[in-house]
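Trainee: Chain residues, written in single-letter form:
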Amino acid sequence: MAKSASIESARDHNPPVVELRVEAHPDQLAVLRAVAAAIALQHDFDLDTVADVKLAVDEAATRLIMGAPEDAILACSFRAALPLLHISLSAPTNDASAIGQPRSFGWHVLNSLTESISVTSDDSRATIDMSIAEGSADR
Amino acid sequence: MTRNTGRSSDEYADVTETLRTLLALEEGDPGRIRIRDAVVERCLPLAEHIARRFDGRGEAFEDLLQVARLGLVNAVDRFDPERGSDFVSFAVPTIMGEVRRHFRDAGWAVRVPRRMKELHLSLSKATSELSQQLGRAPTASELAEVLGIDQEEVLQGLVAGNAYQTVSVDRSSPSGDDGLTLADTLGDYDAALDEVENHEALRPLLEALPARERTVVLLRFFGNMTQTQIAERVGVSQMHVSRLLTKTLAQLREQLGDNF
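For the protein sequence lines, the chains are W and B, in the order given. Start counting the first sequence at 0; every next residue gets the next number (numbering that gives the first Met the number 0). Start counting the second sequence at 0; every next residue gets the next number (numbering that gives the first Met the number 0).
If you are wondering where the hints come from, they were derived from the structure by calculation, not from laboratory data. Worth double-checking, as some hints may not be accurate.
Claimed, not checked - Pair by pair, the computed Cβ-Cβ distance ranges are:
id: 1; chain 1: B; residue 1: Ser88; chain 2: W; residue 2: Pro68; range: 52 to 62 Å
id: 2; chain 1: W; residue 1: Asp70; chain 2: B; residue 2: Gly256; range: 37 to 47 Å
id: 3; chain 1: W; residue 1: Glu69; chain 2: B; residue 2: Gly256; range: 16 to 26 Å
Each residue gets a CB set at the ideal place from its N, CA and C atoms; glycine is no exception.
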């Protein structure tokens with residue numbers, strides 16, 4: 000009993016992570032979208048929210064790819080802590096401004112799709128962290 | 000005249016004459032809109048007939064019907080009786096052209112097994128039925144239950160939908176307005192648009208989108224509606240809305256460049 004409870008809580012604190020590393024190239028967007036959709040579907044998100052997950056990943060990844068040097072790797076990790084799906088994308092950057100101004104249309108799109116979103120960047124690397132809530136499309 | 004051969008042309012023989020009356024009216028005469036609407040309504044069975052001919056080829060019927068009706072509206076607006084043909088001989092190829100274009104736009108980018116396309120289609124049907132019942136988009140497990148298949152299979156079918164060619168930036172509709180009477184114009188979203196810093200650059204681009212694409216983007220990102228709600232409003236499937244959104248965002252991104 001005690002043992003299973005501790006396993007449960009360990010799980011709560013450390014939900015499994017799916018990680019994906021792809022070339023930072025627009026060709027890879029379809030792969031990212033497909034994986035993102037599969038993960039959201041597996042966690043039984045409704046189809047509207049699944050569509051939001053795909054659009055958000057597409058948009059965030061495109062931003063990082065635009066600012067990434069050639070042959071860079073885009074790392075993407077998915078962690079479900081229901082009702083939230085956390086998605087973190089990161090890539091080297093030689094142009095942090097490509098991530099864009101916070102009030103641009105693209106950011107407006109990302110904000111409408113996600114529960115929370117943040118960007119951290121320094122001279123060499125940019126990371127976009129976002130979370131989308133199960134059923135959030137309906138709110 | 001036998002009953003059956005008269006089906007195409009004679010059944011709509013009055014339409015050519017009615018459209019002549021319409022064109023005789025001055026531009027801006029309210030009678031024009033009234034006659035135009037009446038003609039469109041009168042010819043709806045023609046659009047449905049053509050949509051049915053393309054049914055069962057991997058696209059949801061409701062999408063085909065919508066596209067065929069769009070073709071009908073275009074045909075009514077572009078018909079010129081002075082060119083000597085009757086309306087039906089002009090409308091049929093116009094409507095078929097619109098439907099064919101839809102197939103081309105929605106074409107599968109890679110070869111997907113036939114069984115997968117069928118699965119995708121039944122998922123599309125079940126999605127719209129369930130959305131009606133639930134008042135929101137269904138989940139994969141709800142779809143699995145309704146279709147009596149494994150959730151794993153639902154996943155496969157939906158992910159196969161990614162093989163749909165969703166992004167083609169170089170192909171955008173030439174006309175700014177496709178004749179759909181969608182009430183949503185930019186003016187309704189002025190306040191929301193002002194929140195976006197680059198709205199001055201964005202506005203003309205939205206303006207230039209076909210009405211359907213514009214409406215979908217406005218409702219989703221400025222009207223706070225879900226894809227399912229938009230699908231119902233516009234009269235197409237949620238999957239179609241999803242495709243339109245992906246395509247249109249990619250196009251806007253391309254056009255806005257660093258300003259996106």
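Trainee: Each hint needs a verdict: does it hold in this structure or not?
Mentor: Tested hints:
1. Between Ser88 of chain B and Pro68 of chain W the beta carbons are some 59 Å apart, a value that agrees with the proposed interval 52 to 62 Å.
2. Between Asp70 of chain W and Gly256 of chain B the Cβ separation comes to about 23 Å, which falls outside the hinted range of 37 to 47 Å.
3. Checked against the hint of 16 to 26 Å, the pair Glu69 of chain W and Gly256 of chain B passes, with Cβ atoms roughly 19 Å apart.
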